Structure formats: structure tokens, C-alpha cells
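Going down the list, the protein sequences come from chains V and G. Residue numbers 1 to 220, in UniProt numbering, belong to the letters of the first sequence in order. Residue numbers 1 to 221, in UniProt numbering, belong to the letters of the second sequence in order.
A portion of the hints provided could be inaccurate.
Dumping the calculated DSSO-like pairs for lysine-lysine here, alpha-carbon to alpha-carbon at most 27 Å [as the list claims (entries may be wrong)]:
| # | chain 1 | residue 1 | chain 2 | residue 2 |
| --- | --- | --- | --- | --- |
| 1 | V | K139 | G | K4 |
| 2 | G | K43 | V | K136 |
| 3 | G | K4 | V | K64 |
| 4 | V | K46 | G | K139 |
| 5 | G | K84 | G | K115 |
| 6 | V | K64 | G | K139 |
| 7 | V | K6 | G | K136 |
| 8 | G | K4 | G | K193 |
Quick caveat, the hints were computed from the structure, so don't treat them as lab data. Just so it is clear, the structure is predicted and the values come from calculations on it, not from any experiment.
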Amino acid sequence: MSGKPKLTYFNGRGCMESIRWLLAAAGVEFEEEFLETREQYQKLIKGGALLFDQVPLVEIDGMKIVQTRAILCYIAAKYNFYGKDLRERALIDMYVEGTADLMGMIITFAFTPPKERNLALIIERATTRYFPVYEKVLKDHGQQFLVGNQFSWADVHLLEAILMAEECKPDILSPFPQLQAFKGRISNIPTIKKFLQPGSQRKPPADDKFIAQVKKIFNI
Amino acid sequence: MSGKPKLTYFNGRGCMESIRWLLAAAGVEFEEEFLETREQYQKLIKGGALLFDQVPLVEIDGMKIVQTRAILCYIAAKYNFYGKDLRERALIDMYVEGTADLMGMIITFAFTPPKERNLALIIERATTRYFPVYEKVLKQHGQEFLVGNRFSWADVQLLEAILMVEEKEPTVLSKFPVLQAFKARISNIPTIKKFLQPGSQRKPPPDDQYVATVIEVFKKD
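Next up, chain V with everything else stripped away, as it sits in the complex (with noise of 0.2 Å):
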């Protein structure tokens, strides 16, 4: 046993793609462990280690805790990137929620039949309805960061959903100056630039393969 917390999910991004880029913004080195069968998964739930039949499944700290949120709240706290107290943690918590629900469109969108995808709407969301809070709450407070003028786990979220919302339209942030000077900053920082390199553990955007895979293990 490496003492490291080990990550149980596809090979690729989904709900587990935040957790990863957490624990890497935190230098926290982690194992995973990619599902890849049904027989696998089904393996799984026998063994008793899936709360509610789900993955995510991350086993830290001798804890095996599922639920996209609870393991991203555990590692925030535990790292010290959820604010230094209720208010900071109440305003971490708004952000990232507004980030979720973003890349919530975008991770759904990969498994929406192709005639019922709306690009535009998330274009349309990511424009007017998040983009211009964040970009407002930095210019407003003149600050590095989200909250506490310290990096917290809202900073690395927003850094995650920029990115990905730039894979759907690379000049999304064309109206956001303070969000590109975010995004250069941010992405300097020494864990982040590690894990924006090639070679490092985070995931590519969903391909046919990955879309296949996971509607034969959970049978869709």
C-alpha cells in the first residue's frame, strides 16, 4: 500500500476529471485504477466498495468515498484550498457549483444522440450566464483569486471549465480580459503547469471509444 489516495474510473475525464485536477493543483501524487468491463464494474459492487453502485470511488486516508462532491469537498479541506472560514467556504462553494453546472453541460453533451446536442446553448451559458460573474468578481475585488485573495478550489474549477469551454470555441474568452490574465496566472502556477503537460495524468476530451466503453459497463 503506497498511502496514496487511489482513484477508481474510466480512462477518461467525466465526473472524475475535476477530482484529478484537485489533488494535482494540491501536488498531491495519486494511483488510478481504470474500469474498463462490465464484469469489472459488477466486480466492484459485489466487493461492497460502491456506496450507492456509483463511480466515482476514491480511496483515501482508509476511507472509500463516492460522490463527485463529497470526495472534491474532503481534498479541499484537507488541503487547504476551501477559504479560511464559513464565508469563504460559503462563497468557494457558490463558485464552484456555477463551474459544476457548466461543465456539467459539457460532460453530458458527449453522450447527448447528435441530434439533440446544443453547442450553442452551452456557448450561450458559459457567455452570459457564468463567464461574466467570475470575470466580475475579479475585477470588482482587483484580487489573484476567487476568494481570500489565496488559491482555493474555486480558482482551479474555474481554470478546468475555461479550458474546456475553449475546446468548444477557442475564443470563448474574447470578452473576459480578466479571465485570460486568470488563465495565464493560474496556469503558471507550478502544480497546474505540471499537470497542463503532456504526459501528466489528466484525461483528453471524450472520443467514440471512451462513449462506447462507458455505455457497455453501465449497460446504456
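Since the structure of chain V is already known, use the hints to place chain G on it.
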């Protein structure tokens, strides 16, 4: 200004109900402003109160908090419903995410076109994925509450989920004796008992009028 938290939402359950439950469990009095028209909603947006143009909104301790989970986490932590350390918090988070997923199915049920509704799936999930988990947790440690031998957010939300599912299928707890005892026990906690009585701020299940109001308020121009 009364100093009480103020909740802005429709006059119905939706995503605000879990927040009402938690405040009630903590014995915290709160005020409510009900969204009834599109104009009211647009005025709220223009005024900048809704960070992402969405409700629920809770004004508390000088903050305007949106996003259901952000609000719930703040209330849980403030009123000591969030466990005593990180490990207990992780357990509570896991358990409330499970009950939130189950209740989410029921919340969206009212807004699903009748032909597409799948009540059987909700009951199946309740009885094969969710309730067995909580039954087992309680049975294994034999304590009164889900986490840390103390009344927490996880207990409040589980009771809320049980009652919601029972509204759809009254016998749903028949195979879960430990949950039946849990339901009775938590229902008898004075703050919960009060909330369960007629005249409290607990809201009824969604009806056609509620659904129509929500659709009208969020209608795109």
C-alpha cells in the same frame, strides 16, 4: 431588518425544501419571499441578487447565497449539523448526495411530461440503491443517527427523502425496519415534530398550479 434568514423561491418545494427542513431542524426562524411572476424574477436579476440568475436565494448573515448545496453547507456548518471533523463531514456529504439524487428524481417528476414519467424507476432506485444503504449504515453501528452518534444534516435529509417517497408509494419502507424506527425517532425530535405539523413553513407536494407558475416565471421571451 429582522435578522432572520430570508428565502426567495416559489411557493412550493423544489430545490428550496431541503433548506427549509434544515433551518427548521436547527430551530431557526426564517422569512420567505415567494416568486409569483416573471416580472418579479426579472427584477431580482436586474437588481443583481441572483449570482447565476437562479433561485434558490438565501440572504443570511449579510450574504446573498445561491446554489442549493452552497446554502445547505453553510447552514449545516453554522448550526453544527456537519459533524465534528473532516471524516464525519465526508460521510455526511456522501449520504446527503445520495438522498439529494433520489429527491432530485422526484422533484423533476412533476415537470416531466406525463407520458415520459417513470415512477417505477424512482421506487426501484429508492428500494434497491438508496434505502438499503441507509438501512445497513444504521443497522451496523446501531446508533440513533447516521453519523457520529449525533443529529446531523444527513438525518434531516434522509427523513425528508423517506417522506417524499412515501407520498408516491406509502408502503415503500415495508422492507426496511431500521428505517421505520429511524423515521419515527427523527420525526419526534421537537424541532422536526413542529415542522411536520400543519401551519409550519413546510410546503405541500407540487400541484398543477405550482408547475404552471414555475414554467411561466422561467419562460424564455
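Hints and how they fare:
Of the supplied pair hints, the one linking K139/V and K4/G is violated, its CA atoms being roughly 31 Å apart against a limit of 27 Å. Straight-line distance between C-alpha atoms of K43/G and K136/V comes to about 20 Å, which keeps the hinted pair within the 27 Å bound. Note on K4/G and K64/V: the hinted pairing is violated, with a Cα-Cα distance of about 39 Å set against a maximum of 27 Å. As the CA atoms of K46/V and K139/G are separated by approximately 19 Å, the hinted pair is consistent with the 27 Å bound.
For the suggested pair K84/G and K115/G, the alpha carbons sit about 46 Å apart, so the restraint of at most 27 Å is broken. Only pairs whose Cα atoms come within 27 Å are accepted, and K64/V paired with K139/G is accepted, the gap being roughly 19 Å. Taking the CA atoms of K6/V and K136/G, the gap is about 25 Å. The hint holds against a cut of 27 Å. At roughly 21 Å between alpha-carbon atoms, K4/G and K193/G fall within 27 Å of each other, so this suggested pair holds.
Hint check: violations occur at hints 1, 3 and 5; the rest are consistent with the structure.
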